[in-house]
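With the sequences and hints as input, model every part of the structure.
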Amino acid sequence: MIRQFKQTHLETRVRLSARVLFAVGLALGCSNLCAAEPNDAVLPPVDFNRDILPILSDRCFHCHGPDESNRESDLRLDDHESVFADRGDYEIIAPHRPDKSELYRRITSDDPDERMPPKSEPRQLNAQESAAIKQWIESGAEWTGHWAFTRPVRPQAPPVHARERVRNPIDQFILAELENQGFTLSADADRRTLIRRVTLDLTGLPPTPVEVENFLADRRPGAYERLIDRLFASHRYGEHMAVPWLDAARYADTDGYQNDRLRYMWAWRDWVIDALNRNLPFDQFTVEQLAGDMLPDATLFQQIATGFCRNHRINSEAGSIPAEWHVEYVVDRVDTVGTIWLGLTIGCARCHDHKYDPVSQKEYYNLFAFFNNVPEWGLGPNNGNSPPFINVPKNWPLIPAAQNKLIPPKPYKLSTTQGAVVRPNPGGPNTVMVMQELAKPRPTYRLNRGQYNSPDKSEVLHPAVPNSLGELPADFPHNRLGLAQWLTDPSNPLTARVVVNRYWQQFFGIGLVRTSENFGIQGEAPSHPELLDWMATEFQRIGWDVKAMQRLIVTSTTYRQDSSASAKLVRRDPENRLLGRGPRVRLSGNAIRDQALALSGLLVEEIGGVPVRPYMPPGIWTSISNAKYKQDHGPNLYRRSLYTYWRRTIPPPTLLTFNAAEREICVVRKDLTSTPLQALTLMNNIVFVEASRKLAERTIFEGGKTAESRLNFMFRTVSGRSPGESELPTLMNALQSFHDRYRENPNDARQLLAVGESPWNGNLAAPEVAAYAMLASALMNLDEVITKE
Amino acid sequence: MNLNLEQKLQINRRQLFGRTSTGIGTLALASLLNPDLFARNERQRNAIGGLEDLPHFTPKAKRVIYLFQSGGPSQLDLYDYKPKLQKRFGEEVPKSVYPDERKTTMSSGQDKFATAPSLFKFHPRGNCGTYLSEVLPNLGDVADEICVVRSMYTEAINHDPAITLFQTGAQIPGRPSIGAWMSYGLGSENGNLPAFVAMSSNGSGKGGQPLYDRLWGSGFLPAQYQGVKFRNQGDPVLDISNPKGVDNETRRRMLDVVRELNQLKHAESRDPAIEARIAQYELAYRMQTSVPDLVDISSEPEHTFKMYGNDAKKPGSYAYNCLIARKLAESGVRFIQLFHRGWDQHGNLPKQLRAQARDTDQASAALIRDLKQRGMLDETLIVWGGEFGRTVYSQGGLTKENYGRDHHPSCMSIWLAGGGIKGGLSYGETDDYSVNAVVDRVHVHDLQATILHLMGIDHERLTYKYQGRHFRLTDVHGNVVQPILA
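Protein sequence lines, in the order shown, are assigned to chains A and B. In this text, residue positions in the first sequence follow my numbering: the first is 1, and each later residue adds one. In this text, residue positions in the second sequence follow my numbering: the first is 1001, and each later residue adds one.
Everything labelled a hint here was simulated from the structure, so no lab data went into it. In this text, all values refer to a predicted model and were calculated from it rather than measured experimentally. Hints may contain errors.
In silico lysine-lysine, DSS-like type, Cα no more than 30 Å apart, as pairs [said to hold, decoys possible]:
1. A/LYS628 <-> A/LYS670
2. B/LYS1313 <-> A/LYS413
3. B/LYS1313 <-> A/LYS628
4. B/LYS1095 <-> A/LYS119
5. A/LYS362 <-> B/LYS1465
6. B/LYS1244 <-> A/LYS628
7. A/LYS670 <-> B/LYS1465
8. B/LYS1351 <-> A/LYS628
9. B/LYS1306 <-> A/LYS457
10. B/LYS1314 <-> A/LYS630
Only part of the chain B face toward chain A is listed, based on derived beta-carbon distances under 10 Å [as the list claims (entries may be wrong)]:
11. PRO1099
12. LYS1103
13. HIS1159
14. TYR1225
15. ASN1242
16. THR1250
17. ARG1251
18. ASP1271
Pair by pair, the computed Cβ-Cβ distance ranges are [to be verified]:
19. A/ALA127 <-> B/SER1298: 53 to 63 Å
20. A/ARG151 <-> B/GLN1110: 53 to 63 Å
21. A/VAL610 <-> B/GLN1373: 50 to 60 Å
22. A/PRO393 <-> B/GLY1090: 55 to 65 Å
23. B/GLN1110 <-> A/SER758: 51 to 61 Å
24. B/PHE1057 <-> A/ARG87: 33 to 43 Å
25. B/GLN1233 <-> A/SER758: 21 to 31 Å
26. B/LYS1313 <-> A/ASN430: 21 to 31 Å
27. B/PHE1057 <-> A/VAL153: 45 to 55 Å
28. B/THR1058 <-> A/ARG87: 26 to 36 Å
29. A/GLN631 <-> B/GLY1090: 49 to 59 Å
30. A/MET732 <-> B/GLU1268: 55 to 65 Å
31. A/ASN430 <-> B/GLN1233: 29 to 39 Å
32. A/LYS413 <-> B/ARG1369: 53 to 63 Å
We put the beta carbon where it would ideally sit given N, CA and C, even for glycine.
Okay, here's the thing in structure tokens:
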């Protein structure tokens, strides 16, 4: 047992060190940094999945991979049989003998005619990669399949030294790796930091100073757990958690092509918020959105859930060929399911066999067949919902049980407009688009090069899942419903891993698999493979209980750590992949705006309904399109950002500046970048200026009488903590100088206080409010305020 | 500002325009550990950001000004002279020349596909004798500087996919625009301005087609590479003006507070992202000064407006944008793209086309002249073109005075000028009906490969790994059009 532990210990150690170094090396594009790091004299063992398969895939599969049409010399380096086939007088790979291995000979050959990859290929092998292949062959050339295509097996949580830090198994996996690196978990974050972190993470809004004080005062055991309970029970949870799902589901208020005509899908959006709030298990969440209409005794709720499959863009441009665009809609559904549930770039196989992953073009159209049976027309109605749609009852979602029944959509009616353009009837603002299955399925064919007009009619393709991922169990219906059930069937190797990885990404900024959109061979290997599999199997074990899974994450010591780091740790692990410190991640655009509204007291909380049209700089739409933005007034200016009207071709600029997904296609990961445009927005955009001056008023009313107590109040409201001794003088001086300036120029003060539509309190002295407003603006621009610490 | 801080900002500016998707944190680390990492090669010493191995070879052009003509300008009425068609006025276009399948459904149901020869006269212009339509008199005056490509073609027949293909190399959304690729690969020449600026103007022709943010977006590239839209109404850059009641001094004071507190925070948490944030605020502050200066044309001499036309005094007009483009070029912006709307003449073409030409002809030619006078033409690549051509048959009724033309992907005309381009050349040919490009065909991906080539980039080697694939602007296609290179 001891021996075994040591063995694992050693393996993880070197594996991680090599990986981290590799990552740093890649990020810097240099080798001297890596050389500067101390390294073991003995090379670490090679792992096929982590070290070899990515090289073969990236450099070789293009010509020696799954794609039959592009394959050279009948050699498949993605296939064990082909690699180790009897080739008479030579072997592609001779285990333990690089010198007898044709593959090694060719990648190291000096002869330009022999050398692989050929010189013409832009991506060559470097010396380290050749060395890794040599080492792998020397050690016996062990060949395993790609990890993600095999069902996760629940691993034992590894033993650790600092057992007192373990709150649940997540910590064991994280800590074991840290200890192997000579690190350990950081101390827990202080309570002020923690309540702000978890409140932002679970609700998208910051805690109020009162909430912070209550949490600090709760000295009984279980205070943190009670806090979590409160947050999970808040309606804000569903609103906040809906946002990444709406991004992935490409939800929007317009069609997305050309004139970008309007549509009405918010009933579906509200279904998502509600489903998240009532903690619908993820397997049901899946089935209802993909095939709720096909469930026995389907409810109206389940039918509206299928709006998910209709969120794709729809083309209304006159002159479009309906058959062409119909194909695009089905393709979008397939690709979206591929990304969200399977974490695969299935879409690559639309035009040809996948270059890297074992998905053939034919298999792509087997998937296509699941989604090809909607009674729909390829051209949009030019404003309004495209059939099939249903009327949403006026009292929805508060409908009595008797009314909660599927409504059969009416068949579409076509009419000819603008000469020869044939369009379907539009659905009005009281409708929502849903899925419906044709009684007789449309025949599906493989499309040559993915072109709508070149079907291979020699074979009708039936719905089926890619062979490499298993097959539909015999007792499942071979239709959309069966596919939806298979996605969360225990035999599916991917879904649970892909979903828990996205939760991880949401809380820590980077997934255990960084490429959360791609678990295929070209994706990045997981930083903690055993943890990923443990979490995936745990998710299945607890019946896909989303809140329980997320609770496990946020109650872990790993999540609760302090996010500041030693210089050594930052140098060794700049991206915090080892999780030796807590997450420190910039807030989303939604959260930044919502936070400003909340801190200033402007936020209007109301769940769901018609999208709102808050401030937008003049001419954003009219300057490049033929549509005019009609701004709302009153409470609609201050609703949470997820209710903001989403025009796909011109998304709300404030949110886009902070890396919001455009919602044109399914997106599950966006890099958070830092640009000066973000600074300009936070300093000058009307909603942020208005929030600053309203926070100033609040501060004067609620923050006591002295400048110091007011500063304290404002600082605590904004950041959750009190200003430090070194910070207070800076703030006091600034306040004084702002105040002096506005006393000298009261007119400027009045102008500043007139920004935004909410009135300013005329009983207060304008120069004073303006001075506090500038200070509030400074605080709301601080890095720590727009960051989850 | 003390020297120490200035030095810090130098480092941070590099992080800001950082070279990797893994981002700022790693780069900050890199800069601390190994300052030599940022030593630039000789060719690109002044660049901020950009990839280490770029340019791949000595570039012919330092920057691009792409004058995009949105809607699909009619090649038949502007550049592709077909005198023999006059005799075929009103004759049915043979199905052998124009098969039905790829007609749009706006006109595919017509009873008749009557040949509509151009109403406009063409003349040989310049020493080169390039034939140009009478509606382009100013362009004719610089005919010896431009290379007209008459054999462009595309696959897309609708505006949205067609313009997306030109901008991103694919008809579907999600890929980076050409300017974003350039910004990612080559970085910025000016620390106070973005590397990629987009502007738009509305045409006089009816039926201006909409534009979309994705056309200058960064797609799957990190967002700092997206084009910054210089707007034609309100603030030139969104939120660049201080709110009313906040003057420059107050702003500076407020920023000092932000910087000081951010620095304290950084000392405690050591998150390199904070350093980048500090630099970002300083850059924003400098942009607040530099951008309004840049769009201020009050100090331009009167002869500038003689050259560009009086329209150039109107912010948001095409002529004004051309003038700003010149100023941006002088300031080191690498990729400048104008979008002029209104080239979608389904009907009433003669009248509308004249108006569109009036919007654009003088200023386009002026830009060439102006850059030449300033000695910048040979280092600036100018491209003029739309997303597809137009049909030879009339959409709707055909009379001697009036006709319309539908979308047409199989041939179109564009022109290029300046850095690395052979002036005075007409390249490629279409068939007798201007239906198909037949000689020296140039695909959209070929044009993109050529633009990158002139900027010193091998289009097959500028790639970005996303979803497991090494994507490039030209997908898996594209050949540099060597014969048009000087």
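The hints, checked one at a time:
Taken as a hint, the A/LYS628 and A/LYS670 pair is honoured in the structure, with Cα atoms around 29 Å apart against an allowance of 30 Å. For the given pair, B/LYS1313 sits about 51 Å from A/LYS413 by alpha-carbon distance, which is inconsistent with the 30 Å threshold. For a cut-off of 30 Å, the pair hint linking B/LYS1313 to A/LYS628 stands: about 26 Å separates their Cα positions. At roughly 46 Å between alpha-carbon atoms, B/LYS1095 and A/LYS119 are farther apart than 30 Å, so this suggested pair is violated.
Between A/LYS362 and B/LYS1465 the alpha-carbon distance is near 26 Å, which keeps this suggested pair within the 30 Å criterion. Restraint check: the Cα-Cα separation between B/LYS1244 and A/LYS628 comes to about 25 Å, which is no more than 30 Å; the hinted pair holds. Distance hint between A/LYS670 and B/LYS1465 is fulfilled; the C-alpha atoms sit about 14 Å from each other, no more than 30 Å. Of the supplied pair hints, the one linking B/LYS1351 and A/LYS628 holds, its CA atoms being roughly 27 Å apart against a limit of 30 Å.
Taken as a hint, the B/LYS1306 and A/LYS457 pair is broken in the structure, with Cα atoms around 64 Å apart against an allowance of 30 Å. With a CA separation close to 26 Å, the supplied pair B/LYS1314 and A/LYS630 stays within the 30 Å bound. Because the closest C-beta pair between B/PRO1099 and chain A is about 12 Å apart, greater than 10 Å, the hint is violated. Interface restraint check for B/LYS1103: the shortest CB-CB distance to chain A comes to about 9 Å, inside 10 Å, so the restraint holds.
At its closest, the beta carbon of B/HIS1159 sits 6 Å from a beta carbon of chain A; the interface hint therefore holds under the 10 Å criterion. Hint status for B/TYR1225: holds, given a least beta-carbon distance of 9 Å to chain A, under 10 Å. Annotation: interface hint on B/ASN1242 holds; nearest CB of chain A at approximately 6 Å, less than 10 Å. For B/THR1250, the interface hint holds, the least distance from its beta-carbon to any beta-carbon of chain A being 6 Å, beneath 10 Å.
A distance limit of 10 Å between C-beta atoms decides the matter here; for B/ARG1251 the minimum to chain A is near 7 Å, and the interface restraint holds. Proximity of B/ASP1271 to chain A holds as hinted, the smallest CB-CB distance being about 5 Å (cut-off 10 Å). For the pair A/ALA127 and B/SER1298, the supplied restraint of 53 to 63 Å holds, since their beta-carbon distance comes to about 60 Å. With their beta carbons about 59 Å apart, A/ARG151 and B/GLN1110 fall inside the hinted range of 53 to 63 Å.
A C-beta distance of roughly 56 Å is found between A/VAL610 and B/GLN1373, which places it inside the suggested range of 50 to 60 Å. Between A/PRO393 and B/GLY1090 the beta carbons are some 58 Å apart, a value that agrees with the proposed interval 55 to 65 Å. Between B/GLN1110 and A/SER758 the C-beta distance comes to about 57 Å, which sits within the given range of 51 to 61 Å. The supplied range of 33 to 43 Å is met by B/PHE1057 and A/ARG87, whose beta-carbon atoms lie about 41 Å from each other.
In this structure the hint that B/GLN1233 and A/SER758 lie 21 to 31 Å apart at CB holds, the actual value being about 25 Å. The supplied range of 21 to 31 Å is broken by B/LYS1313 and A/ASN430, whose beta-carbon atoms lie about 49 Å from each other. The hinted window of 45 to 55 Å between B/PHE1057 and A/VAL153 holds, with their beta carbons roughly 52 Å apart. Checking the proposed 26 to 36 Å range against B/THR1058 and A/ARG87 shows it is violated: the Cβ atoms sit about 46 Å from each other.
Separation of A/GLN631 from B/GLY1090 is about 51 Å and conforms to the stated range, judged on CB atoms against 49 to 59 Å. Taken as a hint, the range 55 to 65 Å is violated for the pair A/MET732 and B/GLU1268, whose Cβ atoms sit roughly 21 Å apart. Restraint check, A/ASN430 to B/GLN1233: a C-beta distance of roughly 35 Å satisfies the suggested window 29 to 39 Å. Taking 53 to 63 Å as the suggested C-beta distance range, the pair A/LYS413 and B/ARG1369 conforms, at roughly 58 Å.
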